[in-house]
Amino acid sequence: MYWVLVAHRSKSPSSDQKSWPPSSTEAAELATQLISSWNPYTRTIFEMSDVSQTSIRSLLSAVPAMPPWRPSSRVTLLDDAAHVMPPTGAMGANTALRDAADLARQVVAAGGARNVSREVIGSYESGMRDFVKMAIEMSWRGGMRSFGLRPSGGI
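Its first residue numbered 1, the sequence shown is counted upward by one per residue in the UniProt record's numbering.
Note that these hints are calculated values from the structure, not bench results. Every residue, glycine too, gets a C-beta built ideally from N, C-alpha and C. Among the hints, erroneous ones may be present.
For each label pair, taking beta carbons as the anchor points, the in silico distance ranges come out as [said to hold, decoys possible]:
no. : residue 1 : residue 2 : range
1   : 74        : 145       : 21 to 29 Å
2   : 81        : 50        : 24 to 32 Å
3   : 35        : 127       : 23 to 31 Å
4   : 110       : 45        : 47 to 55 Å
5   : 68        : 148       : 27 to 35 Å
6   : 4         : 150       : 15 to 23 Å
7   : 145       : 41        : 21 to 29 Å
8   : 75        : 4         : 27 to 35 Å
9   : 93        : 127       : 54 to 62 Å
10  : 81        : 114       : 21 to 29 Å
Work out the full structure, taking the sequences as your base and the hints as a guide.
Here you go:
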């Protein structure tokens, strides 16, 4: 079973830069602390987990209003490579699939991969930026509601 707990970094006893990220054991201990008041049946899922597989990761995010860049005719980005976002909006898989479908549509409309140009890639990237603005904002709002996540630039 795969599970994720999301909490503000200040909840970690070792939140200073020198000891970040915590060890697997420290991560498991923190998870146990965070769920101590939960229903015993639910706690069992966490308590029976393999401690060596427990970790803590920082949440990363692109800014919602991604600035345009000069497109390439040979390389583009999809999903988290282009627009990483917190998981708190439940939009990651949706944006990944949409990126792939939109890029495929652009390539087909151009007449195939041999006809892909800067303009074709630029059109895909422009549409991607427009769509992910909403998805990233939704993810940040979910993080704000869930555990006080604050964007550096403000939404």
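**Request:** Look at the Cβ atoms of residue 93 and residue 127 and judge whether their distance stays inside 54 to 62 Å.
**Result:** Distance hint for residue 93, residue 127 is violated at roughly 18 Å.
**Message:** Range first: 21 to 29 Å. Now tell me if the beta carbons of residue 74 and residue 145 are that far apart.
**Reply:** violated, 41 Å
**Item:** Status of the given 21 to 29 Å range, CB of residue 41 versus CB of residue 145
**Value:** Check passed, 26 Å falls within 21 to 29 Å.
**Request:** Mind checking the hinted window 23 to 31 Å against the Cβ distance between residue 35 and residue 127?
**Result:** violated, 41 Å
**Asked** Cβ-Cβ distance between residue 81 and residue 114: within 21 to 29 Å?
**Response** Roughly 24 Å apart at Cβ, these two residues keep to the hinted range, so it holds.
**Prompt:** When you take the CB atoms of residue 81 and residue 50, is the distance between them in 24 to 32 Å?
**Reply:** holds, 29 Å
**Message:** Within 27 to 35 Å: is that where the Cβ-Cβ distance between residue 68 and residue 148 falls?
**Reply:** holds, 31 Å
**Item:** Hint check for residue 4 and residue 75 - Cβ pair distance inside 27 to 35 Å
**Value:** holds, 31 Å
**Message:** Does the beta carbon distance between residue 110 and residue 45 stay inside 47 to 55 Å, or does it fall outside?
**Reply:** Cβ of residue 110 to Cβ of residue 45: about 48 Å, so the range 47 to 55 Å holds.
**Message:** For the hint 15 to 23 Å, verify it against the beta carbon of residue 4 and that of residue 150.
**Reply:** Roughly 20 Å apart at Cβ, these two residues keep to the hinted range, so it holds.
Of the numbered hints stated above, those contradicted by the structure are hints 1, 3, 9, listed in ascending order.
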